[in-house]
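Go ahead and model the full structure; you've got the sequences and the hints to work with.
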Amino acid sequence: MAHEATEEIHVVSYTTYTLVWAALVGLTLLLSSISLLHMGGGRWNSLAAFIISPLKAALVVFFFMHLKYEKTLFRIMLMVTLCIIIIFLGLTFLDVALR
Amino acid sequence: MSDVAAEAGRAEHAHEEHRDYEGAKLGMWLFLLSECMLFGGLFVLYAMYRADHPRAFSAGGSHMDAILGVANTLVLLTGSFAVASSITALQRGRRKLAMGLVGTTILTGVAFMIVKAVEWSGHIRQGYFPHSHLLQGKPGEQLFFSLYYVMTGLHGLHVIAGIAVLTAALILMARGKVTQEHFVFLENAALYWHLVDIIWIFLLPLFYLAA
Amino acid sequence: MTTSEAPPRAGAASYLEDHGRFSGIFGWIFSTDHKRIGILYLVSTLFFFFVGMSLGFLMRLQMLSPHGELFKNADYYNALFTLHGVIMIFLFIIPAVPGSLGNFFMPIMIGAKDVAFPRLNLLSWWLYVTGAVIALASLFGSGLPDTGWTFYAPYSLRTHADIPMAVFGVFVLGFSSILTGINFITTMHRMRAPGMGWFKMPLFPWALYATSWVQVLATPVLGITMLLIFVERIFHVGIFNPAMGGDPLLYQHLFWMYSHPAVYIMILPAMGLISEMIPTFAHRTIFGYGAIVWSSMGIALLGSLVWAHHMFTSGLSDAAATVFSLLTFLVAVPSAIKVFNWTATLYKGSIALEPPMLYALSFIFLFSVGGLTGLILGALALNVMLHDTYFVVAHFHYVIFGGAAFAFFGALHYWLPKMFGRMYNRSAAYIGWALLFTGFNLLYFTMFVLGVMGMPRRYAFYLPRFQTPQVIATVGSWIMIAGILVVFTNLIVSVFKGEKAGDNPWGGVTLEWQIPSPPPTENFLEPPTIPEKAYDFEGAFAS
Ligand code: HEM
Ligand SMILES: [Cu+2]
Numbered sequence: 001m002a003h004e005a006t007e008e009i010h011v012v013s014y015t016t017y018t019l020v021w022a023a024l025v026g027l028t029l030l031l032s033s034i035s036l037l038h039m040g041g042g043r044w045n046s047l048a049a050f051i052i053s054p055l056k057a058a059l060v061v062f063f064f065m066h067l068k069y070e071k072t073l074f075r076i077m078l079m080v081t082l083c084i085i086i087i088f089l090g091l092t093f094l095d096v097a098l099r
Numbered sequence: 001m002s003d004v005a006a007e008a009g010r011a012e013h014a015h016e017e018h019r020d021y022e023g024a025k026l027g028m029w030l031f032l033l034s035e036c037m038l039f040g041g042l043f044v045l046y047a048m049y050r051a052d053h054p055r056a057f058s059a060g061g062s063h064m065d066a067i068l069g070v071a072n073t074l075v076l077l078t079g080s081f082a083v084a085s086s087i088t089a090l091q092r093g094r095r096k097l098a099m100g101l102v103g104t105t106i107l108t109g110v111a112f113m114i115v116k117a118v119e120w121s122g123h124i125r126q127g128y129f130p131h132s133h134l135l136q137g138k139p140g141e142q143l144f145f146s147l148y149y150v151m152t153g154l155h156g157l158h159v160i161a162g163i164a165v166l167t168a169a170l171i172l173m174a175r176g177k178v179t180q181e182h183f184v185f186l187e188n189a190a191l192y193w194h195l196v197d198i199i200w201i202f203l204l205p206l207f208y209l210a211a
Numbered sequence: 001m002t003t004s005e006a007p008p009r010a011g012a013a014s015y016l017e018d019h020g021r022f023s024g025i026f027g028w029i030f031s032t033d034h035k036r037i038g039i040l041y042l043v044s045t046l047f048f049f050f051v052g053m054s055l056g057f058l059m060r061l062q063m064l065s066p067h068g069e070l071f072k073n074a075d076y077y078n079a080l081f082t083l084h085g086v087i088m089i090f091l092f093i094i095p096a097v098p099g100s101l102g103n104f105f106m107p108i109m110i111g112a113k114d115v116a117f118p119r120l121n122l123l124s125w126w127l128y129v130t131g132a133v134i135a136l137a138s139l140f141g142s143g144l145p146d147t148g149w150t151f152y153a154p155y156s157l158r159t160h161a162d163i164p165m166a167v168f169g170v171f172v173l174g175f176s177s178i179l180t181g182i183n184f185i186t187t188m189h190r191m192r193a194p195g196m197g198w199f200k201m202p203l204f205p206w207a208l209y210a211t212s213w214v215q216v217l218a219t220p221v222l223g224i225t226m227l228l229i230f231v232e233r234i235f236h237v238g239i240f241n242p243a244m245g246g247d248p249l250l251y252q253h254l255f256w257m258y259s260h261p262a263v264y265i266m267i268l269p270a271m272g273l274i275s276e277m278i279p280t281f282a283h284r285t286i287f288g289y290g291a292i293v294w295s296s297m298g299i300a301l302l303g304s305l306v307w308a309h310h311m312f313t314s315g316l317s318d319a320a321a322t323v324f325s326l327l328t329f330l331v332a333v334p335s336a337i338k339v340f341n342w343t344a345t346l347y348k349g350s351i352a353l354e355p356p357m358l359y360a361l362s363f364i365f366l367f368s369v370g371g372l373t374g375l376i377l378g379a380l381a382l383n384v385m386l387h388d389t390y391f392v393v394a395h396f397h398y399v400i401f402g403g404a405a406f407a408f409f410g411a412l413h414y415w416l417p418k419m420f421g422r423m424y425n426r427s428a429a430y431i432g433w434a435l436l437f438t439g440f441n442l443l444y445f446t447m448f449v450l451g452v453m454g455m456p457r458r459y460a461f462y463l464p465r466f467q468t469p470q471v472i473a474t475v476g477s478w479i480m481i482a483g484i485l486v487v488f489t490n491l492i493v494s495v496f497k498g499e500k501a502g503d504n505p506w507g508g509v510t511l512e513w514q515i516p517s518p519p520p521t522e523n524f525l526e527p528p529t530i531p532e533k534a535y536d537f538e539g540a541f542a543s
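From first to last, the protein sequence lines stand for chains A, B and C. Residues 1 to 99, numbered by this note's numbering, are exactly what the first sequence covers, in order. Residues 1 to 211, numbered by this note's numbering, are exactly what the second sequence covers, in order. Residues 1 to 543, numbered by this note's numbering, are exactly what the third sequence covers, in order.
These are computed hints drawn from the structure, not numbers from a lab. Think of the CB as a built atom: it goes at the ideal place given N, C-alpha and C, for glycine as much as any other residue. Warning: the hint list may mix true and false statements.
Stated by the list, open to error - Label pairs and their calculated CB-CB ranges:
1) A:T72 - C:T322: 33 to 39 Å
2) C:L525 - B:I160: 46 to 52 Å
3) C:A434 - A:R99: 49 to 55 Å
4) C:A336 - A:R99: 48 to 54 Å
5) A:A58 - B:Q126: 33 to 39 Å
6) C:F22 - B:A117: 42 to 48 Å
7) C:H19 - A:V80: 37 to 43 Å
8) A:C83 - B:H133: 42 to 48 Å
9) C:I376 - A:V11: 55 to 61 Å
10) B:V110 - A:L30: 25 to 31 Å
11) C:V384 - B:P54: 46 to 52 Å
12) A:T18 - B:K177: 27 to 33 Å
If you want it as structure tokens, here you go:
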């Protein structure tokens, strides 16, 4: 009959959320200016997307979705899922790229 | 593994009205992981087709309105921020504030969908859809637009579902069913919304910044 | 051996008696009791098994003569194998064990009162029924189904059959499967009785745990693949259609990313059942508990890395073919570990050849045949010759029928006394098993031979030189079906008329044997005593 409140819960402060939100907005603007203004002649375009997008996703997952405050189990579950997607990508690419 | 085992010891035996905060969250996370795999299949397709047709995908990207895409990203991020804060508000007992924040998120969702609709109809009017004669003989761009409609379309369906779930949370808060003590419904609704947000974070560079 | 001294106490109404809001049939189809939902799944999956079996029977009849015994029009044969495949896979074997026995016994075996989300559980069953109805409704659409259960593009994008309806049905079925998986994982994490540590859990729950992960992570890939076929047909986008730049091989990749792991959704729970029956009838602790647990998880993980072995002749890149062949050989390791553990458990055991044990032993044999021929198919050179022949058909029937379905039937003989409190007629059970086992091998072993001779699968007609083995196989199918009829007549009669069985007719030591048969609605009238370790027969006999 647990109250949710009786189990250990972590109340995240508004400040944290605001900072995360600001970071997300900043990263979005950075990413779009890199690719829209063709910084570096467009060479950095996909590299930026490869780094910045996962970073943004991680911010959402860790702070907005509270993964930072959850049990290890949740992190393992997420890692396994991501690994499987990456393996699916890799093994399929092994066919498509070398066909 | 050890903390999992320890936690099991605590797992109280089921009572008539079984409430398990951790369990509810675990179930929601599992559902979200399966959603990740659903979109994962699409990302695999996108990656393979883009590897096959790099130039056509870049050409396809040049038909996108990047400004609208970025604007919509900011809209979604703000909605995520609001719904995350609403949990804090509810936990601190500020129900009105929490409801206002959830309402804000719902509005951002609606705004997002309106922008989306404007975009889609624009593309279709200009003839950028998979079997239009404009793209005839351009297999790469046909694929690009097929994926664009399918992926943003499926994402849009998720936004609509998210709006529905958040509306339910709003009603439950108003009726006093979701409260300072029992907020897991709101938390799960928010988790779902964040997932929708994350998927969009990836869709932005894949389509709007692909040029 | 039997310890059924405790008479049922007052208030211990069994789950079979009505209580709660609804009564009669509504008391069942709206019940959130995991045991009742288990029975719902049992009845519905067995119903579809019988439909599928009848279609298989017709297919074998057609094969009696080279020019077709039943019809001269191959379209009907195409419809038969498509329906047979879809029904057996999506409506029978995938939901059967987790849905019925898993729902019924997993919560009891871990000392829980119900699953974590009882209402979601009921929703799963309803989605299953809805999906089944939608998939079957596609029959009455624009034409006979003719794609096979695999719905390969680009043919599925062109055929007249009502593919959008069929794939939408499969999508809904997949959703049902995902929800069951989520429910089971959460249940095992959150609802184990105090003292029931992870490594005290019996092996059937463990097997379901591994299965559930596959269900949660692999099924969505099928979901998206089916949705893509759906939107391609309805909205004319081009994802897999080569005429619009699409790559049909990517369809196959996505399809098998689910459908190979799906093989483990079928076989892992079945392996769990075997791990329950072998110790009970050998009266001996399972050999290598930890190895069995970890091999289940290993199978679940490795099993998601081998999908393209279904595509060796499709024009896959050589590099990919080599890697996938290697990975396929690797996945045999954890399965073999289990087989060794079961046989090692038998060693020096005091073996009681009760009907469930016969099924368990035949499982070991049939599954080994299926598994070893799987290695033959996984070898690149041999695959070129055997691909799409009857060899493949024989291989997967040995694995999913001889393996998964035999374990399921065995477990029905094992747990029927617990589920309904009644015992079946043992002689009839033996006769049924003997017919089933003989007919099975006659039918499918002959198919191995036919495959090596070059008989392609999914063909309605064949060259005269194949006729003798084809007739033998068909006779085998008659013996087998006769066996199935005996088995199920016996079981169904016993549910209503069987002698009363005690609470623990086999001397089992897992928690379900501590409670009355049939179980009370609450499962446990008092908190269960958790054994020191799983399958502790010494402890059980000492007390
Ligand atoms: C009960 C008696 C059964 C009989 C007589 C039978 C017979 C057959 C036959 C003759 C084929 C077609 C071979 C071909 O021409 O390609 C077939 C295909 C198949 N069977 Fe069975 N089978 C039976 C049970 C099962 C069971 C229990 C399962 C799974 C749980 C199963 C799954 C399949 C599948 C997936 C196919 C492939 C369908 C396709 O090619 O699309 N069958 N079976
Ligand atoms: Cu396979």
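Against the structure, the hints:
Look at T72 of chain A against T322 of chain C: about 37 Å separates their beta carbons, and that is inside 33 to 39 Å. Hint check: L525 of chain C to I160 of chain B, Cβ distance near 47 Å, so the stated range 46 to 52 Å holds. Between A434 of chain C and R99 of chain A the C-beta distance comes to about 50 Å, which sits within the given range of 49 to 55 Å. Evaluation of the 48 to 54 Å hint for A336 of chain C and R99 of chain A yields a failure: the beta carbon distance comes to about 33 Å.
As the Cβ distance of A58 of chain A to Q126 of chain B is approximately 36 Å, the hint placing it in 33 to 39 Å holds. Between F22 of chain C and A117 of chain B the CB atoms are about 44 Å apart, so this pair conforms to the stated range of 42 to 48 Å. Under the hint 37 to 43 Å, the C-beta atoms of H19 of chain C and V80 of chain A, about 41 Å apart, fit the expected range. At about 43 Å, the CB distance of C83 of chain A to H133 of chain B agrees with the hint of 42 to 48 Å.
In this structure, I376 of chain C and V11 of chain A meet the distance hint of 55 to 61 Å, their C-beta atoms being roughly 60 Å apart. Taking the beta carbon of each, V110 of chain B and L30 of chain A are about 28 Å apart, inside 25 to 31 Å as hinted. At about 33 Å, the beta-carbon gap between V384 of chain C and P54 of chain B misses the expected band of 46 to 52 Å. In this structure the supplied range 27 to 33 Å holds for T18 of chain A paired with K177 of chain B, their Cβ-Cβ distance being about 29 Å.
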